[in-house]
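Got chain U; can you put chains S, C and E on it based on the hints?
4 protein chains.
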Amino acid sequence: MIPRYTRPEMANIWSQDNKFRIMLEIATLAAEKMAELGHIPKSVPESLRQKGAFNAARIDEIEKETKHDVIAFLTNVAEYVGDDAKFMHQGMTSSDVLDTAFAVQLSQSAELMLKDLDALLGALKKRALEHKDTLCIGRSHGIHAEPTTFGLKLAGHYAAFARAKERLIAAQKDISTCAISGAVGTFATVDPRVEDYVARQLGLTPEPVSTQVIPRDRHAMFFATLGVIASSIENLAIEIRHLQRSEVREAEEYFSPGQKGSSAMPHKRNPVLSENLTGLARIVRSNVMPALENVALWHERDISHSSAERVIAPDSCMALDFSLVRLTGIIDRLLVYPQTMMANLERLGGLVFSQRVLLALTQAGVSREESYALVQRNAMKVWDQLGGTTFLDERRTDPDVIAKLPQEDLSIIFDYTPYTAHCDTIFQRVFGV
Amino acid sequence: MIPRYTRPEMANIWSQDNKFRIMLEIATLAAEKMAELGHIPKSVPESLRQKGAFNAARIDEIEKETKHDVIAFLTNVAEYVGDDAKFMHQGMTSSDVLDTAFAVQLSQSAELMLKDLDALLGALKKRALEHKDTLCIGRSHGIHAEPTTFGLKLAGHYAAFARAKERLIAAQKDISTCAISGAVGTFATVDPRVEDYVARQLGLTPEPVSTQVIPRDRHAMFFATLGVIASSIENLAIEIRHLQRSEVREAEEYFSPGQKGSSAMPHKRNPVLSENLTGLARIVRSNVMPALENVALWHERDISHSSAERVIAPDSCMALDFSLVRLTGIIDRLLVYPQTMMANLERLGGLVFSQRVLLALTQAGVSREESYALVQRNAMKVWDQLGGTTFLDERRTDPDVIAKLPQEDLSIIFDYTPYTAHCDTIFQRVFGV
Amino acid sequence: MIPRYTRPEMANIWSQDNKFRIMLEIATLAAEKMAELGHIPKSVPESLRQKGAFNAARIDEIEKETKHDVIAFLTNVAEYVGDDAKFMHQGMTSSDVLDTAFAVQLSQSAELMLKDLDALLGALKKRALEHKDTLCIGRSHGIHAEPTTFGLKLAGHYAAFARAKERLIAAQKDISTCAISGAVGTFATVDPRVEDYVARQLGLTPEPVSTQVIPRDRHAMFFATLGVIASSIENLAIEIRHLQRSEVREAEEYFSPGQKGSSAMPHKRNPVLSENLTGLARIVRSNVMPALENVALWHERDISHSSAERVIAPDSCMALDFSLVRLTGIIDRLLVYPQTMMANLERLGGLVFSQRVLLALTQAGVSREESYALVQRNAMKVWDQLGGTTFLDERRTDPDVIAKLPQEDLSIIFDYTPYTAHCDTIFQRVFGV
Amino acid sequence: MIPRYTRPEMANIWSQDNKFRIMLEIATLAAEKMAELGHIPKSVPESLRQKGAFNAARIDEIEKETKHDVIAFLTNVAEYVGDDAKFMHQGMTSSDVLDTAFAVQLSQSAELMLKDLDALLGALKKRALEHKDTLCIGRSHGIHAEPTTFGLKLAGHYAAFARAKERLIAAQKDISTCAISGAVGTFATVDPRVEDYVARQLGLTPEPVSTQVIPRDRHAMFFATLGVIASSIENLAIEIRHLQRSEVREAEEYFSPGQKGSSAMPHKRNPVLSENLTGLARIVRSNVMPALENVALWHERDISHSSAERVIAPDSCMALDFSLVRLTGIIDRLLVYPQTMMANLERLGGLVFSQRVLLALTQAGVSREESYALVQRNAMKVWDQLGGTTFLDERRTDPDVIAKLPQEDLSIIFDYTPYTAHCDTIFQRVFGV
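Sequence lines, in order, name chains U, S, C and E. Numbered according to this note's numbering, the first sequence terminates at residue 433, and the numbering increases by one at each position without gaps. Numbered according to this note's numbering, the second sequence terminates at residue 433, and the numbering increases by one at each position without gaps. Numbered according to this note's numbering, the third sequence terminates at residue 433, and the numbering increases by one at each position without gaps. Numbered according to this note's numbering, the fourth sequence terminates at residue 433, and the numbering increases by one at each position without gaps.
This is chain U alone, in the form it adopts within the complex (with noise of 0.2 angstroms):
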């Protein structure tokens, strides 16, 4: 991922440093309990820990010769380690390194989306409960439909990213699985017991049965599940770009001083963050593709998937760490305007109470169809004429509907109370408050 894109705790977890670091962790350990088993002489492991470093631009160079990427660390450790080192991964092959290090790093990745997740939970938590009775226009297919609250639409993004922290801690478990099972998964030059003390030592759960790699299912549901979250991250961006839309205006993103819209027209706000987030949500959306296809290998392997996950794995884990971030970021300083959330509330002249006005006739007694069809006769009126009348009038002056609803208390009808009485029920549900 470009920078623009990564914050720096990614990046640590998909630096090179950490890939070596994560896989000299897994080869000492197996040489511990090789050693123990009395595999492989006790001096190794103690070696491993003592003597045990790399150099990133060393195994760089030693694998332009060999092609090789897991042969190249094992000799750049080799050259720290000495005569021991020739005991260190023995019986194992480089996916038992490989696959295990991966499990840890996206394991890591997973870790620290969570803390993200909590922290824009938190955001969301907070500007919901702040805004819960803030009445503005509920819109379906965006045209006014009925009153809602701000609060509502925050707490149903917030129940969003509840069940999106659910799945990626499912995700997170799905993928977190070690295999040292050796060149096809037989475990025939290498002791299952090895696999379990190393996956045990490093929060993992042994792979039941593993080919030469850890089965890509796995993967293509972490990158699924990260996919899913991108797509609810983009559903509230876009919210918040309708909301700033110049017309509408109930919300903006904070404008920091000295911050410039546009080169050509000075006077322009624009909601550039959400659209980041627009945006990288089709990239990590994108990455599930090749993450499914990549379930699919040859036998007990082939390497396609290799160079996919080098590119999607980073690229996918830092998007996303990024985007809930400043997500976060623009919900905690949203700029909300409850007075234009009012008055759009009220521009279409009351229409927004058509479905209060048709109860009462069906109440009234009158069919459902004859209700809908006077409903809808005043409220196409109002519609045609925007500004010049309004349903309330029409209410008023339609002489069907008051032959229907002579009583009628219009000031019932005509109120915002219903929208908000259940606000405290909905609340309870999310938030358990």
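Treat the hints as calculated values from the structure; they're not laboratory data. Watch out, some of these pointers could steer you wrong.
As the list makes no split between identical chains, a pair holds if one copy fits it or if it spans any two.
[Said to hold, decoys possible] List of simulated lysine-lysine pairs, DSSO-like, C-alpha gap at most 27 angstroms: (1) K67 x K381; (2) K115 x K173; (3) K19 x K42; (4) K64 x K381; (5) K64 x K115; (6) K19 x K115; (7) K42 x K404; (8) K51 x K67; (9) K19 x K51; (10) K67 x K42; (11) K165 x K125; (12) K165 x K404; (13) K173 x K19.
Frame of chain U; chains S, C and E shown alone:
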């Protein structure tokens, strides 16, 4: 999905009739609770239970005028139910019915696919146990690596589908929610207790916070899960296609009497069933993309997800159900050729033992690098003159090797036993037996 | 594709009957040339012309036994043609018939979609000319930028669909090849002149080098092109949805009498047609992925592409044909509200002229940076008190601006004329008028 | 794209320096024309030519405050150019510079990839001619079908890449447009003649109608074309991987001295280069999705495409450039084993001639159905006892066949000549030689 790839069981779930039946049940259940709460007359649910009916063709006809599917449905039901119908669907919005019905259909589909998975797991287990010790070559990069057993191969796929089952259960749970919350999810016109009642009756969970719709990240997760499962199917399908290659021919799809492989070449027996599965996996996988794009609806909902879902929901469910059942049939009747497996295993003249020689050398005190060079030198000679010499011959005559491994008992090295030694451990992990 | 999104014209192209009709024609044409070359008796093409027929249901029945579609087809045709049928298809392979027939179906589909595009271009041009000078606000990031005209908007979409047409013509040409080259494309059993003749008669080009199949990069290009066109449709659909938003309401889909927008809210008029197109675009787009994955067939072919193509080919063609026609209808009958456009244009209190003030300042010798700061300072004040003050007011009272632009004729700056000044140039470029 | 899959030539094109260099050139060219038209002082383009410079690090620094990349760029250039800089970029919008620069970068990338394609075509042609008559088995479904030649295989791939070249030329042309049309594309503040001049100087075409940006369907087409090319690369890569399989081994990637195939198994020679290409194809392919989603920008533009393009544009260009060059190297040095090809060809005991027997039978007057049954009966016996009997033996002893083909000269049927008879025709079509 085209009939060719659809089974009647899944077709029923996605039939118009099943959809309308569920919608009617939802409307009736909602009416039961509303009547109990005193919001509508007690006679309404009774009428719905007794006279509630619909006619799919008539609904289509009405929709032509109203251009609204739920109104068409309600109008048609009203034709059967009579006057009480005006209280049906009171305070509810179309999506309350549609999305909840969709959840039921998806849950029913998951149920069927879970049954399919059980059958597949059964077939895989049976064949895996049958071939637990059937030796065959393990291949990485398509190149002979080391021996494994055919049972181990199948155990790996079993484990993948066991994971698939767990994930599908999670996805089913994720999707099984009920929303009856009115126009924009505020319960302004419908009591939350109605939602609760309907959910419980249908075996669903109330959606904690809905907008006009059930949030689409749930559906994205569902279809992403199907995409991962389809990829695991492709993985096994490609294994079979590889094993059936003319040069490999270790296994073959059952070829029925009367079947013809090619219009031009009467000798052909092609793995067409597995090839079909490969293609269908592409469909189920690509359907993940619209599901992910569907998450970011505008405000309280736009209807862009609807047309996409009308296509991908039945298509993915039908294609995956079909694929699972077909794959079960393939596995059940797969022709396995242990003799060819053995012949292939020995084809490389003992090269597959190269790691064991390497280990013997390092155990004998030779450095890792020198051992590798020594073994590779011998191996490449065999590789280059395939059939002309064997790895064992090369070993026996290489003075450097003789010097390093003077007491080497080559029969210990060139021995298949260690490759099956841990089969039981792995089978215990996978099958618990 | 489900009937809801299928027009009969496209359904016919993808019907079993049309497919078998084309296959019979290919077989007959091939027989004509073979007979002319003396490879088969002269009576064969005559019998095929006179008695050649098929019955789709019967073919299905035969396929159940043979599990081979082309053999089933040939067997059924033989039932009509009699003894001469044995020379039909001589030396040909199934894919010779299937792939060439597929090319014809795809080319017919392209033909129909080209007609659709012409109709759409016509509608766009008509409405663009009608609104060439209809002023409206141009928006970037959803924020008011500078004035443009509604005609210019439509001209841009016209140009996109003109490109779509060019690309579809290229894709149609790419796909329109004929392969009659035998089992693996060597012409070992069929003379290349047969291919040449059949190609010419069907309006196709002979495939320069086929394997068993026509290479799938051609199809990938075709479906990718449909994906790009679908995205252009989505682009216009989203423009309409935005313009119909309650707060914007500069244009609206035609709402027919009897139509109902919502079951709960009789006042709703939703852009459902455009929303449907957005969803269908996702389908056509996602079908690009299987088409791309279909390219890498094994050796001279595997049949994994077939199941995928049986789904995506009709689906993408049907959905795109439907979408193009629907979009044409939307554009044709689109309700346009120039007064609202003007009202929206003026909503930001003149902020849209900020660049013109900036230019006046730099022309008056102020540095770019200082000018920018000056204009931004004024603009932000207006932005923050929207409705309370206008940009023109701020300009008039800011002493710094007055100092820099003493002779400034503000009416020259706050003038819409320049924004339409080059409409003719652009229309000339796009429409040649 | 990570360095591992990036060549310096393509990295240069996508470097910050190259981007800013192009942007400066665009600004300078625009100033030249504006000065010529008298819109800005003549000294401006002169200053830009003489003093125009930039510093990427400094630009980054400025962007941190302005949060706007083009303003940061202009500010930095102004630091070099001095007072005249205030007229630079006059009346232009950021996207005028960014999108035109992007078009230049994409066009440069296409240029480089076209050179890559030429080299690949050269390698393929050389090897195809070398192996025009090298017999090998053609395979469909992975099953032996009929003989073909290795040269024909390569000719097919050559033709695919010749199409790739044509398509890339078209995509390059599609993308090579210049937009200098101001804030929302109206030319309100910049003369169309400026656009025309800049376009001509840069070898681009003026964009007929731009909004704030160059329409993204052009880019979608570009990246879709790269996706199709990547799929053709995958197709050839998979062919090589299949041919290198241990059981097939008809060809092999060059294995350099010092190279190591496996850390555990010194005997391994794996087709890792081709496997890498398979994985990279997945990346280039998946990047088509964001490009397609980028088309539907809001109104005159939103900036959601930008973050996605910053990732996919360099990534797809770098990965494809790398892949093309690597593939050329693979083909150039591919080890081809004609003897193994011949051995594999004869492995099925003559089954590959089944069609020729079928034809002889029908030519001898036997019905198609009866002939097929006869041949299939014999073939299946061979198939089931592979190695135990040959198809020729079965033919010779089957009384029904003897009866039908009494004078049959079997040597005519069991003959490879016809399979190469039309190689020249095909090579003439493909290579014109």
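Going down the list of hints, with the structure as the test:
| no. | hint | result |
| --- | --- | --- |
| 1 | K67 x K381 | between (76 angstroms within a copy, 20 angstroms between copies) |
| 2 | K115 x K173 | both (16 angstroms within a copy, 25 angstroms between copies) |
| 3 | K19 x K42 | within (26 angstroms within a copy, 57 angstroms between copies) |
| 4 | K64 x K381 | between (77 angstroms within a copy, 24 angstroms between copies) |
| 5 | K64 x K115 | between (39 angstroms within a copy, 26 angstroms between copies) |
| 6 | K19 x K115 | within (21 angstroms within a copy, 36 angstroms between copies) |
| 7 | K42 x K404 | between (95 angstroms within a copy, 23 angstroms between copies) |
| 8 | K51 x K67 | within (26 angstroms within a copy, 47 angstroms between copies) |
| 9 | K19 x K51 | within (18 angstroms within a copy, 46 angstroms between copies) |
| 10 | K67 x K42 | neither (31 angstroms within a copy, 58 angstroms between copies) |
| 11 | K165 x K125 | within (15 angstroms within a copy, 34 angstroms between copies) |
| 12 | K165 x K404 | neither (52 angstroms within a copy, 57 angstroms between copies) |
| 13 | K173 x K19 | within (20 angstroms within a copy, 36 angstroms between copies) |
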